[in-house]
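**Q** Read top to bottom, the protein sequences are chains A and B.
1 is the number of the first residue of the first sequence in this note's numbering; add one for each residue after it.
118 is the number of the first residue of the second sequence in this note's numbering; add one for each residue after it.
Think of the hints as simulated: they come from the structure by calculation, not from any bench.
Hints are supplied without guarantee of correctness; some may be wrong.
[Stated by the list, open to error] Just a few of them, taken from the derived set where beta-carbon distance is under 10 Å, the chain B residues facing chain A:
1) G160
2) F164
3) G222
The beta-carbon is built from N, C-alpha and C at its ideal position, and this holds for glycine as well.
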Amino acid sequence: GAVVSQHPSWVICKSGTSVKIECRSLDFQATTMFWYRQFPKQSLMLMATSNEGSKATYEQGVEKDKFLINHASLTLSTLTVTSAHPEDSSFYICSARPGTGGQETQYFGPGTRLLVL
Amino acid sequence: AQKITQTQPGMFVQEKEAVTLDCTYDTSDPSYGLFWYKQPSSGEMIFLIYQGSYDQQNATEGRYSLNFQKARKSANLVISASQLGDSAMYFCAMWGTSYGKLTFGQGTILTVHP
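Just chain A, same shape as in the assembly:
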């Protein structure tokens, strides 16, 4: 089956530092990857959509300079939280859409929990 990994699964950092989260499709090529954010007991909110080789499309209200997304290859997308602050503490989930199959198909990574002290 299609597997998406995220690294790290847990990260604790000091306020003001930057944190990079990787999302990899392990056994398929992902033309599109999505990044979501989820606060405890709340829904998933789409942050941005990234297509390989092009700039990410951010949802309204998401700071582009704060959340840098790079989709450099068909199997890797990265989310960098720049100058992280405690309010950025959240659960970040990526999903990847294969180049083949229906447009609605996407596979989720296991998520990354970020805690900013």
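For this one, chain A is given, so just place chain B on it according to the hints.
**A** Positioned in the frame of chain A, the structure of chain B alone reads:
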């Protein structure tokens, strides 16, 4: 635009009983898909079931079935013979062909009692 509504913040069910989780949606997209995901405390999103807007029959996957009523714009999840391991957050989500993104409902926390 598209919207998903889950009106049940929490549901309780006895082990081995069936439970229905409600989901209503709104979209202007003529072609769309409806998903249900399970999210246990670990956080991973587990795909349960999918229904396309043009599918004539309701989707079923093992103990999961999707009660799709297009005219009422509802896509309720039915879990039969609940198990303790079914305790989790459940999300209904919609994909619109022209919208091109998944929109999630607020989620329902299901607790299965022994």
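**Q** In ascending order, which of the hints set out earlier in this document are inconsistent with the structure?
**A** none
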